[in-house]
Every structure is written in structure tokens, then in C-alpha cells.
Amino acid sequence: MAKKLMKGNEAIAAAAISAGATHFFGYPITPQSELIEYMARELPKAGGCFLQAESEVAASYMVYGAGGAGARVITSTSSPGLALKQEGLTYMISAGIPCVVVNISRGGPGLGNILPAQSDYFMCTRGGGNGDYYHPCFAPASVQECVDLVRHAFDVADKYRMPVLVLGDGMTGQMMEPCEIPPRQEVKADKPWAADGNHVARGEHNRINAMDLQADVLEAKNEDIQRRLKEIAETEVMYETVDVEDADIVFVAYGTSSRAVKNVLSKAKAEGLKMGLIRPISLWPFPTEAFDKIKKDCKAVIAVEQSCGQMVEDVRLAVLGRWPVEFYGRSGGNPIIPDDVLKMAKDILGGK
Amino acid sequence: MLEQVIVAGFGGQGVLRIGQMITYAGFAEGKEVTWAPSYGPEMRGGTANCSCVISDEPIGTPVLMEANSIIVMNLPSLHKFEPVVIEGGKLFINSSIIKEKATRTDISVFYIEASDIAAEAGNALGANMVMLGAYVAATGIVQLETLYDLVKQTFTGSKAKFVDSNIECIKAGAEAIKALV
Chain U
7 MAKKLMKGNE AIAAAAISAG ATHFFGYPIT PQSELIEYMA RELPKAGGCF LQAESEVAAS
67 YMVYGAGGAG ARVITSTSSP GLALKQEGLT YMISAGIPCV VVNISRGGPG LGNILPAQSD
127 YFMCTRGGGN GDYYHPCFAP ASVQECVDLV RHAFDVADKY RMPVLVLGDG MTGQMMEPCE
187 IPPRQEVKAD KPWAADGNHV ARGEHNRINA MDLQADVLEA KNEDIQRRLK EIAETEVMYE
247 TVDVEDADIV FVAYGTSSRA VKNVLSKAKA EGLKMGLIRP ISLWPFPTEA FDKIKKDCKA
307 VIAVEQSCGQ MVEDVRLAVL GRWPVEFYGR SGGNPIIPDD VLKMAKDILG GK
Chain P
-4 MLEQVIVAGF GGQGVLRIGQ MITYAGFAEG KEVTWAPSYG PEMRGGTANC SCVISDEPIG
56 TPVLMEANSI IVMNLPSLHK FEPVVIEGGK LFINSSIIKE KATRTDISVF YIEASDIAAE
116 AGNALGANMV MLGAYVAATG IVQLETLYDL VKQTFTGSKA KFVDSNIECI KAGAEAIKAL
176 V
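Same order as they appear, the protein sequences are chains U and P.
With the numbering used here, you'll find the first sequence wraps up at 358, consecutive numbering, no jumps.
With the numbering used here, you'll find the second sequence wraps up at 176, consecutive numbering, no jumps.
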């Protein structure tokens, strides 16, 4: 299988088709429009259903319907669009519907702008709708990882019967890198719960439902959701570490920001400074265990984000007071400046 | 080898295409590559730029704060990106359109009358290919032959008639560099 150069947006769409997705519902929004454009062109060729909804809210309920009937289904959007989809997401959590939701995030709050930003971390990792829940959230840092994580997200969604989020940003979506798309697989996942008319005897039926008026029934549903979340937290953690064990400064960064931090690490190494990186790939569940690799006399853990400080809260929870936690962030769509990050780290090492 | 290049100009001048051709060529020659466009509410006549990285090593950020080489196709881009070239780097100016001179003395500056050269080569819209040829000839980042192959792969079917004129533009850009050095 040959590698080819693709934009992240196109690669995500191609990966979804290769993963056996049969349905896409969405509404165009910059900077993810190449994704929906690719789907409109290519998914029907693979025998799938592409449908542009009248709004993000409608798209999320089309996903609910297709997923409830057992289809491999995906939707994609960018930040303000995901805010609109949160209602459908919490309903799908309640109803136990697997699906993949892609957020190619942009500057916020509000309509914000169309530049790359990482200010949707809270919305994507905390369960952005009402009720008690999280859902898995994976953050690719390269175009190849977009492919790998989207394919993985479908399997995780099916396994735990819940929406799985893939969080990139405008840069992940727009940049072009080499990647390899595996051939399309036709998936025959066993979904005995699905409302597809095939799984129950005549006179019975599968219910796909997001409302439970009896307290005990709803509590039992919540306990089932929490049981699945606990299993996910124990088994679906993903992260990368670079030179963490020996580092005097450990950065924590995901997605696009982690790429800038890798430039910082090269510069630091050239100057003989010991710095490392923890790159969360699963943002929820957060890779708390990675922090146990940090040496006792490490001077600081620095969260680097294209936001005003969101993931840094998870970093503090993972650090639990063992090392000082600092934060470097840009917002408004501005990029991380590697030289500024390096200077901040050197100032800390110098006792400033 | 680590080459970081920014290409900038008006939307519609084909600056993103120059960057893509450099990236595709690096990829075809087995190097690590990234291409990242500036991404705003861009339109024909507005400004556009892209960053490309070609490297033997895995690439960190695709967003460039500094560059070994800059290719500028209009005056605002010269003003914006001249300070971004690293010391000893290269600046390629389309002097058919940009009448100002560069002010830096610690970099190599190449003035290419790209629009005129393209018109002479029979392809008035090929100024971007002239700049591409000049850039590749001056830096040697990829082989000119790789670019010719890419042009042949890019223009197929009803567009195959554009192959020769685009290759001519690339060659003319490379010749213009020979005349300068």
C-alpha cells in the first residue's frame, strides 16, 4: 500500500470510509469543509449514504437514528458546530449509540474565527451535554495519526456503545503530510441491541431511548454508563512520551501544540538541556500514569496549549502536587512560538 | 538536511501550488515533508502563503516562525516575510511585480522577472512555475527532473496540453538563476 500526501481533513474522511463507515451526516463549517466535501464525493462510491443536514442539531439526530439502527456512522464539524451537537451527544450516551464525532476545532468563544485553536478541550473531554458522562476523546498530531485514530475510534465506539470524539484543529485538518489509508473493510459488527428489526422475536422490540422516568431505571442506566466508562479509563489510555525519565523540565502538549514542543525539545537538546514531553493521545481518559515516569527532582511540568489553559487542569490532577505546574498558551488562533516556550523553560531552570 | 520554506503572494498567483510542488517533490524523493497553508478568509486578490518543511528527520511543527528560504510574489509579502529569513538564507523575489529591493544584507537575494519570463515562455500564468524552477535550481533541495515528472502527473487528460508550457517555465526559472550566479 503506497503512502500519499493528503490534507488531514481528507485523510480523516478516507480513513472513515476505509473503516467501513456506511453513513455520514453533517453540516459544512470551516476549517473542516474538505472532510464533508470528500465524503460527499467518495462515500456514495463506496455504497454509503452521505447526507448534508439542515443544521448541526439535525445532523446529530440523524447520527442517532443511523447508529441506533446499527450503522457505522460518523459526523464532523468545527467548534461552534460541536456546541450545537452536544444535545444529540448526550442523548446518544443515554441511548447507548456508538458513533464517531470529529471536531476540527477553531478559535472561540462564540463564532470566534477559523484559525487553529485548542480551546475546545473542556467541551470535548468533560461530556459537553447535560447529565453524568464522559466519552473517549482522541487527539491526533499528524495526518497518519488522523487515519489511525479515526479507525480506532469506530472500534472503541462499537465496543462500549457510545460516541467517540476525535479532536484535531484547523492545522491538523489543513496541513498536508504523507499517510497510508488501509483498504476498506466491510464491518459486520454484532449489534444485538440495534433497532434493525433482525434481532428479536416477533412481538418484542429493541428500544433505543434517552428518557427513563423511573428513578431506579435511570439510576441503573447511569450505573451501566459508569461501568463502561470505568473500563474505558482502565484500558483505552493512549499517550507518547519523549525523554521524560531524565528530564528537568517536562512539557505536556497534545495535537498541533505537541509538534511545536518537539521543536523545543530539539533546540533544548542542542544546548545540552534535559527536557521531555508527555503527549496525551487519549485526552479522556487522560494518561495520568505517564506522569509516574517523571523523576523526583524535575523542576517543573509545563502544559503547552493553544488555549487560555484547559488541559492544564488535568495536568494538575495528574501531578498531584509532586512538581510545580506551569502553563504556556496562545489563543485567538495564534500558534505556539517554540523559542518563547524554550525561554520560559530556561527561566525556570535558571531560578527566575 | 532541514529546509523550511515560505511561499507568499496574492491569492490566485499559485503560491500554494508552488509549495505543494516542492512538498510533492520532496515526498517523491523519499524525504519527510509537511505543507501547511495560511488559513484565513482568503480570496483571489487577497494575500496567501504556505509553509513547507523538507527534512531527513521527522518534522516537528509545520508552522514556521523562520525559514531558510522565502519566495515572494507581491510587495506586501516582501515586507511581511523578509525579516523571517534566517541569516545566510535565501530570498526569491518576483521582480516583474515587486519593484522594491530587499534591505537585508545578510541573506542571498534573487530577483527573478518571473511574470515576464513566463510570458516569454508562452505561459503568461506560469510565473509561479518560474519561481519554483528558480528556487529549486538555487537550493538544490530536490531535482528539477522530479518537478518535470510531477507536472506530467498533475496535468492529465484535457489538461495534458499544459505540461510542456509549465515545464518550459520551470526550466526558464532555473536558467534565470544560472544567469544570476
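Rather than coming from a laboratory, the hints here were simulated on the basis of the structure.
By construction, the Cβ of each residue, glycine as well, lies at the ideal position given by its N, Cα and C atoms.
There may be inaccurate statements among the hints.
Computed list of lysine to any residue pairs in SDA-like fashion (alpha-carbon distance at most 25 Å, straight line) [claimed, not checked]:
id	chain 1	residue 1	chain 2	residue 2
1	U	Lys268	P	Gly84
2	U	Lys280	P	Thr141
3	U	Lys352	P	Ile54
4	U	Lys10	P	Gly84
5	U	Lys9	P	Gly84
Cβ pair distances, simulated, as ranges [said to hold, decoys possible]:
id	chain 1	residue 1	chain 2	residue 2	range
6	U	Pro198	P	Gln148	32 to 40 Å
7	U	Lys301	P	Glu24	35 to 43 Å
8	P	Pro53	U	Val206	21 to 29 Å
9	U	Phe128	P	Glu140	50 to 58 Å
To spell it out: a stretch of chain P is covered by chain U in this simulated footprint if at least three of its residues, at any positions, have a beta carbon under 8 Å from a beta carbon of chain U; those stretches are [unchecked claim]:
id	region
10	16 to 26
11	56 to 64
Cross-check of the supplied hints:
1. U:Lys268 x P:Gly84: holds (23 Å)
2. U:Lys280 x P:Thr141: violated (40 Å)
3. U:Lys352 x P:Ile54: Given that 25 Å is the threshold and the Cα spacing comes to 23 Å, the pair holds.
4. U:Lys10 x P:Gly84: violated (30 Å)
5. U:Lys9 x P:Gly84: Status violated; Cα separation ~31 Å.
6. U:Pro198 x P:Gln148: 32 to 40 Å: violated (49 Å)
7. U:Lys301 x P:Glu24: 35 to 43 Å: holds (41 Å)
8. P:Pro53 x U:Val206: 21 to 29 Å: Violated: the Cβ-Cβ distance is about 52 Å, outside 21 to 29 Å.
9. U:Phe128 x P:Glu140: 50 to 58 Å: Given range 50 to 58 Å: holds, Cβ gap about 51 Å.
10. 16 to 26: It holds: at least three residues are needed, and the region 16 to 26 of chain P offers 3 whose Cβ sits within less than 8 Å of chain U.
11. 56 to 64: holds (count 4)
In this structure, the earlier hints numbered 2, 4, 5, 6 and 8 are contradicted, and the remaining ones agree with it.
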